[in-house]
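Protein chains in written order, with the numbering used here: chain X, 6 to 49; chain H, 9 to 261.
No lab work stands behind these hints: they were computed from the structure. Mixed in with the good hints there might be a few duds.
[Said to hold, decoys possible] If you only want the chain X side, here are some residues facing chain H, beta carbon under 7 angstroms, derived: (1) Met6; (2) Gly24; (3) Thr32.
[Said to hold, decoys possible] Here are the simulated SDA-like cross-link-like pairs (lysine to any residue), alpha carbons at most 20 angstroms apart as the crow flies: (4) X/Lys36 - H/Gly245; (5) H/Lys162 - X/Ala18; (6) X/Lys36 - H/Glu238; (7) X/Lys36 - H/Asp135; (8) X/Lys36 - H/Lys162; (9) H/Lys195 - H/Gly245; (10) X/Lys36 - H/Gly244; (11) X/Lys36 - H/Ala24; (12) H/Lys125 - X/Ile13; (13) X/Lys36 - H/Glu240; (14) X/Lys36 - H/Lys195; (15) H/Lys195 - H/Pro136; (16) H/Lys125 - X/Gly14; (17) H/Lys125 - X/Lys36; (18) X/Lys36 - H/Ala242; (19) X/Lys36 - H/His25; (20) X/Lys36 - H/Gly41; (21) X/Lys36 - H/Leu241; (22) H/Lys162 - X/Gly14; (23) H/Lys162 - H/Ile221; (24) X/Lys36 - H/Pro23; (25) H/Lys125 - X/Arg33; (26) X/Lys36 - H/Ser28; (27) X/Lys36 - H/Arg32.
[Claimed, not checked] If you anchor each label on the Cβ, the simulated ranges turn out as follows: (28) H/Gly207 - X/Arg45: 30 to 36 angstroms; (29) H/Glu133 - X/Leu31: 34 to 40 angstroms; (30) H/Val177 - X/Pro42: 37 to 43 angstroms; (31) X/Pro42 - H/Glu133: 48 to 54 angstroms; (32) X/Thr32 - H/Tyr131: 31 to 37 angstroms; (33) X/Gln40 - H/Glu57: 53 to 59 angstroms; (34) X/Ala9 - H/Ala158: 44 to 50 angstroms; (35) X/Pro42 - H/Ala153: 28 to 34 angstroms; (36) X/Ala9 - H/Arg94: 51 to 57 angstroms; (37) X/Thr32 - H/Glu243: 35 to 41 angstroms; (38) H/Val58 - X/Arg45: 28 to 34 angstroms.
Note that beta-carbon positions come from the ideal geometry of N, C-alpha and C, so glycine has one too.
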Amino acid sequence: MDDAAFVIGAYLAVSVGLGAYVVRLLTRGRKLSRQVPEGRRRWM
Amino acid sequence: MTTALSTPENRTAVPAHTGSRFSRVLGAVVALGLGLVAVLGLLISPADEVQGDAARIMYVHVPSAIVAYLAFGVTALGSALYLWRRSDFWDATAAASAEIGVVFTSLTLVTGMLWGKPTWGTYWEWDPRLTTTALLLILFLGYLAVRGIAAERKVRARRSAIAGLVAFVDVPLVHYSVDWWRSLHQKATITRLSPTISGIMLFTLMSGIFVFIGLYLWLLIHRFRVQYLEDELAEGGLAEAIAERRREAGVAV
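Only chain X is shown next, with the shape it has when bound in the complex (with noise of 0.2 angstroms):
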């Protein structure tokens, strides 16, 4: 593959940056989660 830095380097990016927010914003509503009341968690 030419330019298989630049290519590779690419999806590593979009992979590692949207797992990265994927993760901190699971964990962030779990934390949030825990401090709200459970009556007020209305979306289930």
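Please arrange chain H on chain X, whose structure you already have, making use of the hints.
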């Protein structure tokens, strides 16, 4: 949205996370889709006749840019609807979508730079498309900063809605910059009636776009719920602080 009453009978039915059955199914489908796009983009789709293998970056760069437009479009819509209806739902939707838009705009810039080096010979050029995209990122970082300023909920929501609508003005500038000004960046590949690519390349690109839109929806569901929880906590904290002040002042609560 339904209200889950907190009773001993249903207490275990309210999990301490932001997921739901629908979000789990959507998440699984999106994860499979992302794997498929990676296989199609890196292994199955052929190299471009002009740009060679560097064109494979298109399959993550273009979907990221489209999702960034979509996310900021939802922020603008949520902002307008907030100003019209004064509904906290639209404020939370606008906030959630803006943060996701910032993530995808950052990915658009990074993947664009990695595509630019092998094709243009440089990572960055002060070209109309690149400059307006960088400006878009700065504008929506500004929107998030406005949201971070401590204020009463309604005041924050009104300020943010105005900021969201102002920031969105840059989206059409980004999109049409390649048509309106002389640009190093190539013109639109698929937004015309006759796309400039075909076959497996077009299929891979369209798959990438649909999967990334699915990912955006999944992220929006979770981010909206996080925003809702943050607002609930902030409101609970404010009510507690007011009650404490009243107790200190000897006023009946």
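Going down the list of hints, with the structure as the test:
Because the beta carbon of X/Met6 sits about 5 angstroms from the nearest beta carbon in chain H, less than 7 angstroms, this interface hint is met. Among the interface hints, the one on X/Gly24 is violated; its C-beta lies about 10 angstroms from the nearest C-beta in chain H, farther than the 7 angstroms criterion. Because the beta carbon of X/Thr32 sits about 10 angstroms from the nearest beta carbon in chain H, more than 7 angstroms, this interface hint is broken. A C-alpha spacing of about 16 angstroms is found between X/Lys36 and H/Gly245, which places the hinted pair at or below 20 angstroms, so the restraint holds.
At most 20 angstroms may separate the alpha-carbon atoms for a hinted pair to count; H/Lys162 and X/Ala18 exceed this at roughly 37 angstroms. Proximity of X/Lys36 to H/Glu238 is assessed by CA-CA distance (about 10 angstroms); at most 20 angstroms being required, the pair is judged to hold. A distance of roughly 43 angstroms separates the Cα atoms of X/Lys36 and H/Asp135; the hinted pair therefore is violated under the 20 angstroms criterion. Between X/Lys36 and H/Lys162 the alpha-carbon distance is near 25 angstroms, which puts this suggested pair outside the 20 angstroms criterion.
A C-alpha spacing of about 51 angstroms is found between H/Lys195 and H/Gly245, which places the hinted pair above 20 angstroms, so the restraint is violated. Under the criterion of a C-alpha separation no larger than 20 angstroms, the hint pairing X/Lys36 with H/Gly244 is consistent with the structure, at around 16 angstroms. The straight-line distance between the Cα atoms of X/Lys36 and H/Ala24 is roughly 8 angstroms, inside the 20 angstroms bound, and the hint therefore holds. About 14 angstroms separates the Cα atoms of H/Lys125 and X/Ile13, which keeps this hinted pair within 20 angstroms; it holds.
A threshold of 20 angstroms between alpha carbons decides the hint, and for X/Lys36 with H/Glu240 the separation of about 13 angstroms falls inside it, so the pair holds. At roughly 44 angstroms between alpha-carbon atoms, X/Lys36 and H/Lys195 are farther apart than 20 angstroms, so this suggested pair is violated. The suggested pairing of H/Lys195 with H/Pro136 holds, with an alpha-carbon distance near 12 angstroms, which does not exceed 20 angstroms. Note on H/Lys125 and X/Gly14: the hinted pairing holds, with a Cα-Cα distance of about 12 angstroms set against a maximum of 20 angstroms.
Of the supplied pair hints, the one linking H/Lys125 and X/Lys36 is violated, its CA atoms being roughly 41 angstroms apart against a limit of 20 angstroms. The suggested pairing of X/Lys36 with H/Ala242 holds, with an alpha-carbon distance near 14 angstroms, which does not exceed 20 angstroms. Of the pairs offered as hints, the one joining X/Lys36 and H/His25 holds, with about 8 angstroms between alpha carbons and a cut-off of 20 angstroms not exceeded. Restraint check for X/Lys36 and H/Gly41: the C-alpha separation of about 29 angstroms exceeds 20 angstroms, so the hint is violated.
The straight-line distance between the Cα atoms of X/Lys36 and H/Leu241 is roughly 12 angstroms, inside the 20 angstroms bound, and the hint therefore holds. A threshold of 20 angstroms between alpha carbons decides the hint, and for H/Lys162 with X/Gly14 the separation of about 43 angstroms lies outside it, so the pair is violated. Annotation: proposed proximity of H/Lys162 to H/Ile221 is violated, straight-line Cα distance about 30 angstroms (limit 20 angstroms). Of the supplied pair hints, the one linking X/Lys36 and H/Pro23 holds, its CA atoms being roughly 12 angstroms apart against a limit of 20 angstroms.
Restraint check for H/Lys125 and X/Arg33: the C-alpha separation of about 36 angstroms exceeds 20 angstroms, so the hint is violated. Straight-line distance between C-alpha atoms of X/Lys36 and H/Ser28 comes to about 16 angstroms, which keeps the hinted pair within the 20 angstroms bound. For the proposed pair X/Lys36 and H/Arg32, the alpha carbon gap of about 19 angstroms is at most 20 angstroms, so the pair holds. Here the CB-CB span from H/Gly207 to X/Arg45 is close to 52 angstroms, at odds with the stated 30 to 36 angstroms.
Restraint check, H/Glu133 to X/Leu31: a C-beta distance of roughly 37 angstroms satisfies the suggested window 34 to 40 angstroms. For H/Val177 and X/Pro42, the hinted distance range of 37 to 43 angstroms is satisfied, since their beta carbons lie about 41 angstroms from each other. As the Cβ distance of X/Pro42 to H/Glu133 is approximately 53 angstroms, the hint placing it in 48 to 54 angstroms holds. Here the CB-CB span from X/Thr32 to H/Tyr131 is close to 32 angstroms, well matched to the stated 31 to 37 angstroms.
Under the hint 53 to 59 angstroms, the C-beta atoms of X/Gln40 and H/Glu57, about 56 angstroms apart, fit the expected range. Roughly 48 angstroms separates the CB atoms of X/Ala9 and H/Ala158, a value that falls within the hinted 44 to 50 angstroms. One distance hint, 28 to 34 angstroms for the beta-carbon pair X/Pro42 and H/Ala153, holds here, with the actual separation near 30 angstroms. Judged by the Cβ atoms, the range 51 to 57 angstroms given for X/Ala9 and H/Arg94 holds: they are separated by roughly 53 angstroms.
Evaluation of the 35 to 41 angstroms hint for X/Thr32 and H/Glu243 yields a failure: the beta carbon distance comes to about 22 angstroms. With their beta carbons about 57 angstroms apart, H/Val58 and X/Arg45 fall outside the hinted range of 28 to 34 angstroms.
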